[in-house]
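As a plain string of letters, each chain reads:
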Amino acid sequence: MAECDLMRESMPFLLTESLDSESRERTHRHIEGCAECSQEWLDLKGTWQFLAELPEVEVPSRVRDRFLAEVLPPANVVSITSRRWVRYVAQAAAVVFLVGGSYWAGGRTAPIRLGSSPAIVESVRPIQPALAPFSIAENRVLQASSVSPNIEGRPNIENVQFVNGSPNDDQIGVSFDITSHVTVNGKPTDKSMVRLLSYVLENEDRMSPSRSRAIDWVRAAYSDPAKADPEIAKALANVLRNDEHQGVRIKAVDTLKSLPPSLTADTRQALIEALKSDPNPAVRLKAVEALARLASSGEPLDAAALDTLRQKAGQDDEVLYVRVKAAEALSHVRP
Amino acid sequence: MRLRNRTLLTAAVLLIATNAFAKDAGTKDFSYTESYSKEYALDISGSFWIDNTLGNIEVVGVDAPGMMVTFRKTTTGIDKAALQEGRDQTQVYTEGDSRLRSVRTVLPMLRNPRWISAIDYTIRVPRTVHVKIVSHSSDHIHVANISGNVTVKNVNGTIRLDDVSGATIVESINGNVIVEYAGRPVANALLSSINGQIQVYMSPEASVEWLANTIKGDYLTNLPVRGLFNGSVFRGNLNSSGGPTISTTSLMNGSFLLRRGTKPADAHSVIQIMTSDRTAPPRPVPLISRTIQQPIIEGNWTFSTNVGNVQVGQVRGDARVDTGAGEVELDTVTGSCTVTSLGGPLNLGEISGWLIARTRAGDVLVRGARSGGIISTGGGIVQLFYTAGPTNIHSDGGDIIVRQAAGPVSADTHSGDITITVDASARTQKIEAKAYQGNVIFNAGPRFAADVDATVLTSDPDSDSIHSDFHGLTIRKDQANGKTRIRATGKINGGGERVELYSEDGDIHISSRTQVPISVTSPQ
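First to last, the protein sequences are chains A and B. Numbering-wise, the first sequence is residues 0 to 334 according to numbering that gives the first Met the number 0. Numbering-wise, the second sequence is residues 0 to 523 according to numbering that gives the first Met the number 0.
Bound-form chain A, shown alone (with noise of 0.2 angstroms):
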């Protein structure tokens, strides 16, 4: 027990690495076989770890003042020795500071007065910038001072390149692709998320395990008609236009159908070439449903549209439901 006290004493030493290589040994030889020193070994490391990531605060100088004032040796200290000539001496210094103090005190009452000096700059201090938006981007430069020491986590970084562009300065660079899981918080109108969610959208191959979701997810944000914004209903119908997976295109017609009917001409647009071209049925039904919606709302239709809901509702060979779909779109044309 008495040797536990011991390596616990040294545990702070070890933790700021100020024990010699011996000792070092030793207290770790005993933390690696004791239960309650490795416990008590790793609370301190982890108290030490906070602390390290605890921001640094300014000590208020009156605290730091009476602080060191009790931690550090008094300078010039003299000891007093009883004798009688320094009671003596002690009695008229007394005598001195109060009749003093009185006098000073009287003179606090009266008015005080300034003369005119000139002002001087003692130093100059750049005010701290902005912090500077985050942006989402492919590539960024950034200087090392503004770059935290504190690496968060364990980021994956590869294709690390060190650059020293000009061997005459004294800056170094490196440059490397990092995987970072970020997160971003906000309204569902706030445009920087609009704008991320759009190129979530639209950029296939990179969403797992399936963009079907991410479509739905849009759908739940964005079909509140106070919510809904017109890059959303761009992106989706970029999506409806290029993607290969049909199960994609029936998710972003459908999504754009639960849209408020105030869709851009481009949106309309995409709605047109689905109906027309769309291999898929159920893009095709879906796509004369939202124009169906957007026609009984009031919204007009172009003649192109016309002509693709006539075309639509006379062929033979088109499923009839989507003939009837496009009946009933036309139905709400009006002058």
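Honestly, the hints are just simulated from the structure, not real lab data. Take these hints with a grain of salt, some might be off.
Said to hold, decoys possible - Restricting the straight-line Cα-Cα distance to at most 20 angstroms, the calculated cross-link-like pairs of lysine to aspartate or glutamate (EDC-like) are: (1) Lys152(B) to Glu327(A); (2) Lys131(B) to Asp306(A); (3) Lys152(B) to Asp301(A).
Claimed, not checked - Residues from chain A that keep clear of chain B, each with C-beta distances beyond 10 angstroms, as calculated: (4) His29; (5) Ser37; (6) Phe161; (7) Asp176; (8) Gln245; (9) Asp253; (10) Val282; (11) Arg283; (12) Leu284; (13) Arg309; (14) Val323.
Idealized CB from N, CA, C, for every residue including glycine.
Use these hints to put chain B onto chain A, whose structure you have.
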């Protein structure tokens, strides 16, 4: 050489103003009506075209050369500035020469909603000319006494042709089409309206072939027409064969072939006539368009329709539904259930017996297939909440989602993701999932046991596309037909029923997440 005579009539000084400038006190709108009339040369063998966005058109044939155009332009604006803008931006152009004369109403591509303008035309032409009319909306378009060919196309408004003896083509979207022959028809007529009705009046002595088509309407006549159906198309003859063909296509409404001087109410359905004619040999007749909405049906039930929706709360027995186009919604079926649709979504609730649900296009949602069954769509998403029997699911394109499989499931889609979640209590279950262009996601409890054979065929040689939470799988990668094949095989939790997963150009995820069971209401 064609003479091009473009006249900007609205700006012309030749306006004969019937200055009906008035302010409507009730609506606070301002309106202005102006008229114009001019004569043009037009050969008796010439053509006349007119394109008018909004307003009535009257074309009358006379036995004289030349063409007289009269129009009345009415502009309405919410204030004087809007009115003036509407007047300025509504223009009439006449173009062409004596062989082809055209009149066009020209409006801006994007019209200011603060004003609206309509132009009513009355045109007199030689009766032998060919006439072509294009219009968006009007109250009516009327063509009378023309022996040349007539083509009319519009979106809204009634089209009426009187005594038009030349070849006729009429295409409307929402307008009714009425054609009345003064004598016997001598030329073919192609009359179609998507949502409007078609009425053709002729003498009972006329000889014509009547070709009629509809997807939701009916064919009615009060003339002695005989014929037969080929699918939904009726082909009949009035009197002797060999006359011109009158083709009427009203997709969502009725087509009438009527004796002159009678009314549509006097006509009977050809289908009724044919089915009631017991002397005639039995002939196939098309399905009737109808819709059903009923809370409870006692006993076995069979329903079929060409076009129509089905909405039934409960069938206490077996159910069999056939529809050409429509939405089918059955909440509970206590017996077996067979639903076949040529197009439209299927929404089925608790099916106690064997289920067969097929649609040519549309999503299929089944809340519970307690005995399993077959579900397929020609394109659409299939969602099955719960199945307790062997179930076969197919989509020609679309995702397949099985949320709680308490029985064997076989699912395949040509393009889409497949997600199958095995019932949490199942220790082993036979599962087959094939996505020919998409991902396969298989969820089972951590104690689920199976012999797994998962294959991904991908164009990406660096792909690492099989992810499994279960241990015991051996993953191999090789080349097959120019593609990379990744195969994971092995026993999980000691082995059990075969789980075969296949994905082309997608990923396979085998997950051991714990599922929350879906509560399923017991059938009554």
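ask   = Among the hints numbered above, which are violated by the structure, and what are their numbers in rising order?
value = 8, 9, 10, 11, 12, 13 and 14
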